[in-house]
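**Student:** Sequence:
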Amino acid sequence: MKKELEKNNWDFILYQYGEKKVISVVFHNSFVDVSKSFILENNEENYDFQQLKELAEKIRNNYESFTNRELIPSI
Numbered sequence: 036m037k038k039e040l041e042k043n044n045w046d047f048i049l050y051q052y053g054e055k056k057v058i059s060v061v062f063h064n065s066f067v068d069v070s071k072s073f074i075l076e077n078n079e080e081n082y083d084f085q086q087l088k089e090l091a092e093k094i095r096n097n098y099e100s101f102t103n104r105e106l107i108p109s110i
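To convert, count from 1 in the sequence shown and add 35; that's this note's numbering.
Some hints here could point you the wrong way.
Lysine-lysine pairs mimicking DSS-like chemistry, simulated, CA-CA at most 25 Å apart [to be verified]: (1) Lys88 with Lys71; (2) Lys93 with Lys42; (3) Lys55 with Lys37; (4) Lys37 with Lys88; (5) Lys71 with Lys93; (6) Lys42 with Lys55; (7) Lys55 with Lys88; (8) Lys71 with Lys37; (9) Lys93 with Lys38; (10) Lys88 with Lys38; (11) Lys93 with Lys55; (12) Lys93 with Lys37.
Since the hints were made in silico from the structure, they are not lab data. Predicted, not measured: the structure shown is a model, and the values here were computed from it.
Model the full structure from these sequences, guided by the hints.
**Tutor:** Take a look at the structure:
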């Protein structure tokens, strides 16, 4: 079961997903916007809104560094 906790339109949505928190990040390209979901690490679970915005940007810019945390399929 998932519950939406925080949202920044066209940027990210933070969910409570079971016992974990998951951030769904919007990836923008020239044709289609795609959302991908990533499990937060323990130190990220209490991030404030600004920190979540920065994390979403970091994930977009360094996708390869976060693939080990990606949920497939996305939520």
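**Student:** Hint by hint, note whether the structure agrees.
**Tutor:** So, going through the hints one by one against the coordinates:
1. Between Lys88 and Lys71, the direct Cα distance comes to roughly 15 Å. Compliance with the 25 Å bound is thereby established for this hinted pair.
2. Of the supplied pair hints, the one linking Lys93 and Lys42 holds, its CA atoms being roughly 17 Å apart against a limit of 25 Å.
3. For a cut-off of 25 Å, the pair hint linking Lys55 to Lys37 stands: about 10 Å separates their Cα positions.
4. Among the hinted pairs, Lys37 with Lys88 is consistent with the structure: their alpha-carbon atoms are about 20 Å apart, no more than 25 Å.
5. A C-alpha spacing of about 13 Å is found between Lys71 and Lys93, which places the hinted pair at or below 25 Å, so the restraint holds.
6. About 17 Å separates the Cα atoms of Lys42 and Lys55, which keeps this hinted pair within 25 Å; it holds.
7. Between Lys55 and Lys88 the alpha-carbon distance is near 19 Å, which keeps this suggested pair within the 25 Å criterion.
8. Taking the CA atoms of Lys71 and Lys37, the gap is near 15 Å; set against the 25 Å cutoff, the hint holds.
9. With a C-alpha separation of about 23 Å, the suggested pair Lys93 and Lys38 falls inside the 25 Å cut-off, and the hint holds.
10. With a C-alpha separation of about 19 Å, the suggested pairing of Lys88 with Lys38 holds against the 25 Å cut-off.
11. Straight-line distance between C-alpha atoms of Lys93 and Lys55 comes to about 20 Å, which keeps the hinted pair within the 25 Å bound.
12. Our distance criterion of 25 Å between C-alpha atoms is met by Lys93 and Lys37, whose separation comes to about 24 Å.
In terms of the numbered hints stated before, the structure departs from none.
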